[in-house]
Each structure stands twice: as C-alpha cells, then as structure tokens.
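S.K.: For the sequence shown, my numbering gives the first residue as 6, with consecutive numbering after it.
It is possible that part of the hints are untrue.
What the hints assert, rightly or not - Mimicking DMTMM-like on lysine to aspartate or glutamate, the simulated pairs with C-alpha atoms at most 25 Å apart in a straight line are:
1) K119 <-> D98
2) K91 <-> D142
3) K84 <-> D57
Said to hold, decoys possible - The calculated label-pair distances, taken between Cβ atoms and stated as ranges, are:
4) K130 <-> A44: 45 to 51 Å
5) S157 <-> L40: 25 to 31 Å
6) L111 <-> S145: 43 to 49 Å
7) N45 <-> D143: 49 to 55 Å
Keep in mind that the hints were calculated from the coordinates and are not lab data.
Just so you know, these numbers come straight off a predicted model, no measurement behind them.
Just so you know, even glycine gets a beta-carbon here, dropped at the ideal spot from N, CA and C.
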Amino acid sequence: MSNSNRYGQHYKNDKNKAKEFEITKEPQRLYAEILLYSANSPREYRFNISRDLWGLCKKLIYQVRIANNTLLGSMARIKNQQKCIKTMLKINDLLPVYSMCRCISLGQEAAFAKRLNNYRFSFRKWLESDKNRLKGDDFSEMRKILEKMMDSVLVISSN
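Working from the sequences, and respecting the hints, build out all of it.
M.R.: Structural data, given as structure tokens:
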C-alpha cells in the first residue's frame with residue numbers, strides 16, 4: 006500500500022522509505038548523456054556553448070528537486086515548476102545550435118531530443134497529477150494556473 010507525505014511524495018508503508026521519483030532522476034540522466042556526447046566536442050566550443058548547455062542541464066536537476074520538495078498546493082511549488090519549464094525551453098532552443106557547432110552528431114542530437122521530449126511528457130503528467138490532487142474551491146485558481154502550464158509544456162514539445 007502506498008501513501009504520500011505532505012509534499013505529495015509517495016512512500017511505501019513496509020519500508021517507510023521514500024522511493025525515488027522518476028521526475029527527479031531523469032534530469033540527471035539528461036545531464037550525464039549530454040556530458041558523454043560532448044566529450045569529443047571541438048575545443049573552441051567546450052568553454053562557451055558546452056558550458057552553457059551543461060549549466061542548464063545541471064540547473065534543471067536542482068529546480069526539479071526543489072519543486073518536488075515544495076508543499077503541494079503552494080504558489081512556491083507552481084513557481085518552481087514554471088522555472089523548470091523555462092529551463093527546458095532554453096535547453097530545447099540551445100540543442101540545435103550545439104549540433105550545428107558539431108559538438109554532437111545529428112544522431113546524438115536526435116537521441117537527446119527524444120529523451121528531452123519524453124521527459125517533457127512526464128513533466129506534463131506530473132503537473133496533471135498535481136492539478137488532480139488539488140481538491141476544493143480553495144485551489145481553483147491554482148488548478149487554472151497548472152492547466153496553462155500543462156499547455157505551455159505541450160508548446161515546448163511541438164518545437
């Protein structure tokens with residue numbers, strides 16, 4: 006049987022230990038993947054565009070973890086989730102430039118873009134889950150905000 010704590014995180018009763026939430030693990034995989042792909046990038050790009058993309062991926066790790074650890078139903082959680090969406094948009098915008106500079110191959114760009122797109126879908130499901138867990142009239146405004154955010158994640162996905 007599974008319960009959740011006040012932050013909306015689930016844990017198992019039998020072990021009483023928080024299980025790892027996939028939304029927080031995927032940015033780590035994205036970061037590791039882009040580091041591996043860019044190992045052979047040209048030297049002149051390693052300390053500018055590579056550093057920018059690495060920084061955005063690392064920033065996404067922390068933003069998602071902060072958003073997940075923020076109280077469900079609070080404006081702080083929504084603002085942190087909005088920051089995550091903005092960071093995903095920046096990564097999405099920088100990826101084609103990174104490929105044009107031959108820091109990664111076209112195949113690697115396609116694989117990374119596919120992983121990022123899958124993560125956006127999972128992120129949207131997370132927002133939808135938050136929206137569904139907010140019950141009552143007190144949270145009607147927050148549900149509207151989450152609905153708009155879910156639409157903005159879809160806009161990112163269609164690029």
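S.K.: List, from low to high, the hint numbers that the structure doesn't satisfy.
M.R.: 2 and 4
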